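Number of protein chains: 2
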Amino acid sequence: MNSIRIISDDDVEHILDLKNTILCVENAYQQKANNKATILPLVSADLVEGKADMDIKSGIYQAENLFGLKLVAWFGENEMQGLPALTGMTMVFDLKNGFPRALINARHLTAMRTGAAGAVGIKYLAKKNAEVLVVVGTGHQAVFQIAATLTAVPTIRKVYLYNPRNEEKAKLLQESIRTKLSRIRNDIYDLKNEKWIQRIETVEFSAVNNIESALSETDAVITITPSSQALIRKEWVKPGTHISCIGADLPGKQELDETLFKTVRVFVDDVGQASKVGEIQTAIRLGMVQKELITEIGNVINGNEKGRLSNKDITVFDSTGIALQDLAVADYILKIAEEKNIGTIVNL
Amino acid sequence: MNSIRIISDDDVEHILDLKNTILCVENAYQQKANNKATILPLVSADLVEGKADMDIKSGIYQAENLFGLKLVAWFGENEMQGLPALTGMTMVFDLKNGFPRALINARHLTAMRTGAAGAVGIKYLAKKNAEVLVVVGTGHQAVFQIAATLTAVPTIRKVYLYNPRNEEKAKLLQESIRTKLSRIRNDIYDLKNEKWIQRIETVEFSAVNNIESALSETDAVITITPSSQALIRKEWVKPGTHISCIGADLPGKQELDETLFKTVRVFVDDVGQASKVGEIQTAIRLGMVQKELITEIGNVINGNEKGRLSNKDITVFDSTGIALQDLAVADYILKIAEEKNIGTIVNL
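So the sequence lines, in the order shown, correspond to chains C and L. Going by the UniProt record's numbering, the first residue of the first sequence is number 1, and it counts up by one from there. Going by the UniProt record's numbering, the first residue of the second sequence is number 1, and it counts up by one from there.
Source of the hints: derived by calculation from the structure; they are not laboratory data. Hints are supplied without guarantee of correctness; some may be wrong.
No distinction is drawn between identical chains; accordingly, a pair holds when it is met within one copy or between any pair of copies.
To be verified - Straight-line alpha carbon distances no greater than 20 Å define the calculated DMTMM-like cross-link-like pairs of lysine to aspartate or glutamate that follow:
1. K262 / E168
2. K238 / E217
3. K234 / D9
4. K238 / E212
5. K96 / D53
6. K276 / E201
Small disclaimer: the values here were computed from a predicted structure and weren't measured.
So here's chain C without its partners, still in its complex pose (with noise of 0.2 Å):
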């Protein structure tokens, strides 16, 4: 208990990339399957109604020897005053004494692990060679999912954007996503960066009106919405179609049609908080979908369960986003940390 180091934003920013942000959650996920990562249940409140929020994730990662929390809390009318809406911390203990070990900034840790689950979705879920990703959603966590999709998936080539309500948000993102790509770190050893540029060159990015149409086009969906009706009907999704489902991470929360459950293979983080607070919180409480027919990611992932079938099977993955990808991403940066000495280490 002698001491704890802070690491902040900016050393976050620095620290961490998106290779290694995607390998970590893969390992998380991985890990949870095989019994050396636990989650424990989730802590949500309204802070203010409809304004604020928060919630508090907790885990065991035994993996690595540590256990933890991260708070979130999003505060919507902090944009009106130039504030970041979304604060949140992350704290890292020692599972063989108890002892804290880092307090990290969680904004850039939490808008990189996002990120990566809507990109792993992808990667072991849609059909080989997918060359065309839809996105549903323009805000600033898009940005996050396509970088870390460009990064998992190396056959896309082509991205479309879509938002609901604001067909001129699309546009914008349009004319800015390339820049925004550039700045998230992408490889440890390129510290320019060129590669991961290269790669952002060759992508096309279209905004688009009709989502129906680019659906038709498509084998791979992020939706990232606040949404809570569905903005995806089932008869506009084709035979073949990946969706990662990023926005449902609260009750009330929906961007698919319930229905589509009724024909999906539907694969979560975490089958308990996706239930409760996912995307298929909707269709479970119908009954649309049965809790046994759904399977964990990191099952997939480490082979035990069978991801696609087919290509003509429609797969869904249902990310709430669970603490265990907070504390793999954490343990990284803070080996990097202490490899580096980056944060400043203040007694306690």
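The hints should help you fit chain L onto chain C, whose structure is shown.
Okay, now just chain L, sitting in the frame of chain C:
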């Protein structure tokens, strides 16, 4: 999200005194009763079965515009290596914008606010002018229970020390108790602790091996052991006694004969939490106490509910420890730290 204040355990020992801790804890109970403070569900987990566990207590303290959490871990085997068994951290966030404000070492804070809980139970529920206190349990926390009770209840002049397993430990505590008490800060305006030391000297401390006999002499009892079976039998408790039960805070823990609950008036810090993990858990499960008849102590402190009705009542205060105690005390520590510029400010 620019910076956070880190406050070490030494800083907390320097800042926090018994009198203000008791005021904070009383205030936390009252604000909860007034709906100006909210507790969120407890998360608890075994880390190493029987050897290490942890819990996360979180809440919103609207009264002081903050929210946050405390993670506390217990590693029983640490002591064999000369390390503290209890470790933990408190994090405080601003309820106006979600920004982190402070990270505070939770060890001394927890000891102080837990001591205050037992004392507040006696102050509000024991007979007036209680002179004798029986303390069941002689560990580290027993000292804080005694310290806070001597502070909150000025009529106490005699303290019986009882260890249910090991008489020798009670004798050792009898020898060291005055020194231990004198080290705890007890008046922010009296840095030499002189008045506090005078108070300690007026009290007689006696190790006892016959708990039945000690109980026949007393009006106020505190139980503070890790026991999982009843230590006090129903027939030993005379009419008019008040018992503050502090030890039970996890499923399976118990210090009193559960049949006692058929006849006592029951007070708790939080009905939901006490029913699950507190002293009343067994009595609740066996239907010996009805939830509707349980009173939260905050309602007694703010005058909305009656406490003791007669000098013959047996009253029990079941304190499981709630996040609001931590947040109220953390808020006080933070105010003093900001005023006197104590702690380390680190960029986030």
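Results of checking the hints against the structure:
For the homomeric pair K262 and E168, neither the shortest alpha-carbon distance inside one copy (34 Å) nor that between copies (68 Å) is at most 20 Å. With identical chains, the CA atoms of K238 and E217 are at most 20 Å apart within one copy only, with a shortest distance of 9 Å there and 81 Å across copies. Neither within a single protomer nor between protomers do K234 and D9 lie at most 20 Å apart by alpha-carbon distance, with minima of 40 Å and 57 Å respectively. Only within a single protomer do K238 and E212 lie at most 20 Å apart by alpha-carbon distance; the minimum there is 10 Å, versus 77 Å between protomers.
Taking the closest pair of Cα atoms, K96 and D53 come within 20 Å of each other only across two copies (11 Å); inside a single copy the shortest separation is 33 Å, beyond that limit. Proximity of K276 and E201 under a CA criterion of 20 Å is satisfied in neither setting, with 40 Å inside one chain copy and 57 Å between copies.
Checked against the numbered hints above, the structure breaks hints 1, 3 and 6 and satisfies the rest.
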